[in-house]
Amino acid sequence: MRHGEEKVRDQIQAEVLAVHFTKESEDRILDRIHGQMHERRTIMRFSKKKTGVILAAAMIVLGAATAIGAGRIAYTSGGTNLNEGIHSLSQLTGEAKKQMGQAPKVAEAFSDGSAFQVGYVTQVDAWDENGNRVGTFPEVMANYSGEKGLVLSISKPIGGEDSSSAHYDRTETYEGIVLKGKADNYLFLPPDAEPSEADKSLEKAGKLMISYGSQTEERECFKSVTWTEDGLCYLLHTFNDVDLGQMMELAKEVINSGK
Amino acid sequence: MKEETIAFVEKMIEGDERAFDELYHSYSGKLYRMAYFITGNKNDSEDVLQETFTTCFLHRKSLKDPERFDSWIYQILVRTSWRLGKKRKRQGELSYEGILEQGREDGSKLAGRLEEDDTQPDPLSQVIEKEASYEIGQVIGQLDIKYRTVILLYYFNELGVRDIAEITGLFEGTVKSRLSRARALLRKALEVRQDPEALERRQKNHVKMNRYREVSG
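For the record, the sequence lines run as chains A and B.
In terms of numbering that gives the first Met the number 0, the first sequence is residues 0 to 258.
In terms of numbering that gives the first Met the number 0, the second sequence is residues 0 to 216.
The set of hints was computed from the structure by calculation and includes no laboratory data.
The reader is advised that the hints may include incorrect statements.
As the list claims (entries may be wrong) - Ranges between beta-carbon positions, derived for each pair:
hint : chain 1 : residue 1 : chain 2 : residue 2 : range
1    : A       : Ser200    : B       : Lys85     : 16 to 22 Å
2    : B       : Arg82     : A       : Asp111    : 44 to 50 Å
3    : B       : Glu171    : A       : Asp168    : 28 to 34 Å
4    : A       : Glu193    : B       : Gly172    : 35 to 41 Å
5    : B       : Arg67     : A       : Gln116    : 26 to 32 Å
6    : B       : Lys86     : A       : Asp168    : 45 to 51 Å
7    : A       : Thr21     : B       : Ser61     : 30 to 36 Å
8    : A       : Glu4      : B       : Asp64     : 41 to 47 Å
9    : A       : Thr170    : B       : His24     : 47 to 53 Å
10   : A       : Gly100    : B       : Glu16     : 25 to 31 Å
11   : B       : Arg67     : A       : Glu4      : 33 to 39 Å
Idealized CB from N, CA, C, for every residue including glycine.
All chains, please: the whole structure from these sequences, using the hints.
Pasting the structure below:
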């Protein structure tokens, strides 16, 4: 009996050990793992707080809106310690100037009553499609009080200005600056969750973006307006119920805030 | 488990990516081969390995005892493989499951007759004596993913029933039953291989499996 068991064991062990695993495969998969780790960690890091999910998604969308045009950057990721928020607007712009080399426009308040609440200055990693980090750039985020839940993100991407031909739901030129508005539906899922067939179809059709890493399933509509001014890329966004027309008007207020 | 490995696991839990890389280089070969044994093809094995280590790092805080790292990562690997197997099945790809449907049914009957008797020659060992070792792998490749997993953990990783139960999330009784059935299926399959009348049917199965491997591997 034991003899037979040993035979089976020896032959199965030989069978498994005969599988070839090259150093090239080992390294390639590790690169992919690092890319995936950073991508998912960004979302997971914020998933305990609603605002965090918004920030994380903002960074990913910002990457899609600004850096892909450069051709070699597939996505971006970054992280913020929510305990390291800057509550003074002048301090935030000062820190931003130090890291970006120029001061961004950050509105102190909007006409609807939304007011600057807290800001962050972070470093965002850019990754190519093979999961290799191709660079890092600074990003400023400002959160606003009020029911609109506005967040303004400003970055100086390493890929330069957006040259992509992405579809926008609304475009408008103001003071010679092109404002581009878009509404994207997001589905946030826990890491092991499997999307439904209907959601997969929507994703395939480009009507839904599925992200993994949240603790529970969440569906959000991400409204955003982007524009480029003085080499900086601006993104004003919210997950709340605000239409794109209103977002366009609020974006103009940011442009006017520097005057 | 080596002290050096435990130290890397502890650092990895703290978020040290260099320690994570060290663990990856130490374990990736073994885990890739395990994944290959379970999934049966190269692409799926790479996906399983990638997902296993990504999950390992992102959920590292859930590993409370660094000395239990092996079981913990095997658990992630097995469940990732099974999830992928389900996905493949849903996608309508050719599954190992069902290829030996008849053999499984017969094996089920045989399994009930398997007895642990150290005084008698094991029928399985008698059959194995007559087979070349490479053929064992071909037979195993035709078994259902559930059976291949149990065989792998028992014979390759040399784990006990309790550990296999923990890794697979199954009851110990279920593990014993699957192990018993797996051995019976293996024996049955090997017996079929020695039956000249079954040769044509077996060859067709092999062609089917090889074509699947060519496409997916």
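Going through the hints against the structure:
{"no.": "1", "hint": "A:Ser200 with B:Lys85: 16 to 22 Å", "in the structure": "holds, 19 Å"}
{"no.": "2", "hint": "B:Arg82 with A:Asp111: 44 to 50 Å", "in the structure": "holds, 46 Å"}
{"no.": "3", "hint": "B:Glu171 with A:Asp168: 28 to 34 Å", "in the structure": "violated, 57 Å"}
{"no.": "4", "hint": "A:Glu193 with B:Gly172: 35 to 41 Å", "in the structure": "violated, 29 Å"}
{"no.": "5", "hint": "B:Arg67 with A:Gln116: 26 to 32 Å", "in the structure": "violated, 44 Å"}
{"no.": "6", "hint": "B:Lys86 with A:Asp168: 45 to 51 Å", "in the structure": "violated, 33 Å"}
{"no.": "7", "hint": "A:Thr21 with B:Ser61: 30 to 36 Å", "in the structure": "holds, 31 Å"}
{"no.": "8", "hint": "A:Glu4 with B:Asp64: 41 to 47 Å", "in the structure": "violated, 30 Å"}
{"no.": "9", "hint": "A:Thr170 with B:His24: 47 to 53 Å", "in the structure": "holds, 50 Å"}
{"no.": "10", "hint": "A:Gly100 with B:Glu16: 25 to 31 Å", "in the structure": "holds, 29 Å"}
{"no.": "11", "hint": "B:Arg67 with A:Glu4: 33 to 39 Å", "in the structure": "violated, 26 Å"}
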